[in-house]
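J.: Chains A and B are the protein sequences, given in the same order.
Take 10 as the starting number for the first sequence in the numbering used here and just add one per residue.
Take 10 as the starting number for the second sequence in the numbering used here and just add one per residue.
Any given hint could turn out to be false.
Treat identical chains as interchangeable: a pair holds within one or across any two.
[Claimed, not checked] Straight line, CA to CA, 25 angstroms or less: simulated DSS-like cross-link-like pairs of lysine-lysine: (1) 94 with 19; (2) 139 with 168; (3) 46 with 120; (4) 95 with 46; (5) 120 with 168; (6) 95 with 120; (7) 169 with 108; (8) 108 with 120; (9) 169 with 139; (10) 108 with 95; (11) 94 with 168.
Simulated from the structure, these hints should not be mistaken for laboratory data.
There are 2 protein chains.
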Amino acid sequence: MNNHTATAVKSALDNWNLQLSRLNQLLDGLSDDQLLKEVAPGRNRGVYLLGHLASVHDRMLPLLHMGSSLYPELESIYIQNPDNKKNDFTPAQLREAWKKVNEQLNTQFAKMDVADWFHRHDAISEEDFKNEPHRNKLNVLMNRTGHLAYHYGQMIFLKK
Amino acid sequence: MNNHTATAVKSALDNWNLQLSRLNQLLDGLSDDQLLKEVAPGRNRGVYLLGHLASVHDRMLPLLHMGSSLYPELESIYIQNPDNKKNDFTPAQLREAWKKVNEQLNTQFAKMDVADWFHRHDAISEEDFKNEPHRNKLNVLMNRTGHLAYHYGQMIFLKK
């Protein structure tokens, strides 16, 4: 493993943590009432996007071979279905899930060697991975960082 | 340069191109009138965000040692100042700038070797870079990919 590889992984992790810290700072400054509002007229509510992000990150655990999802019950509400504008989980429950899931991910990330990031993720077979080595854990990390930035750009509209 | 390093660079470029293609697809489906609207009540207009993204990407050219900015005149309007809700540049001009800047970037990217991505960018001195080798061109690419995703998440609200 050369220095460039380690540097690339560090950059990907830095960018992941940057987006996480931005959203966490936003969440700290938003009341539960603000989270229950739509981010723009006719669009998803803050709670829906928070549940969506929590569930997408929760699913990263099995995808990256880091054990089972902690909150599998979020998936049908916050990924498979659109915002139904009801209160399925409370803002407090979603804040807690978001916190726990990211803590678990970052605990697991801290245990990884640089080389581990270039192993296949769980959505590609060993056979296919031989021809598509970029479908690895690092690529999942980069992709989810973009996904997080995308929804953070929407949730920031909850701020006055 | 080992395979892992090349794979990491490929993932970063894939994610950059993914976000670019998403925004370009959105732009193709939006009329100029739609672009002139605010993405949400009291927020930036689509044209402002397009000018902002065009200018930020334009500034990547000197930052990555790829020559001069093509549209330096965008910077004061779309980066240094907030949306003044006037039509500084027309939607057609901004679409053109956006297209040209990204074409120029991707032309330059295609000429780079994997190792080139680990050279310093222009905002860090050679001296400091010795101690902070992650402040390289690859990190700029990842960071700007997140920035693009963030604003794409807002511009998508221009769609009906």
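J.: So which hints don't hold here, by number, going up?
T.: Violated hints (numbers, rising): 1, 2, 3, 5, 6 and 9; every other hint is consistent with the structure.
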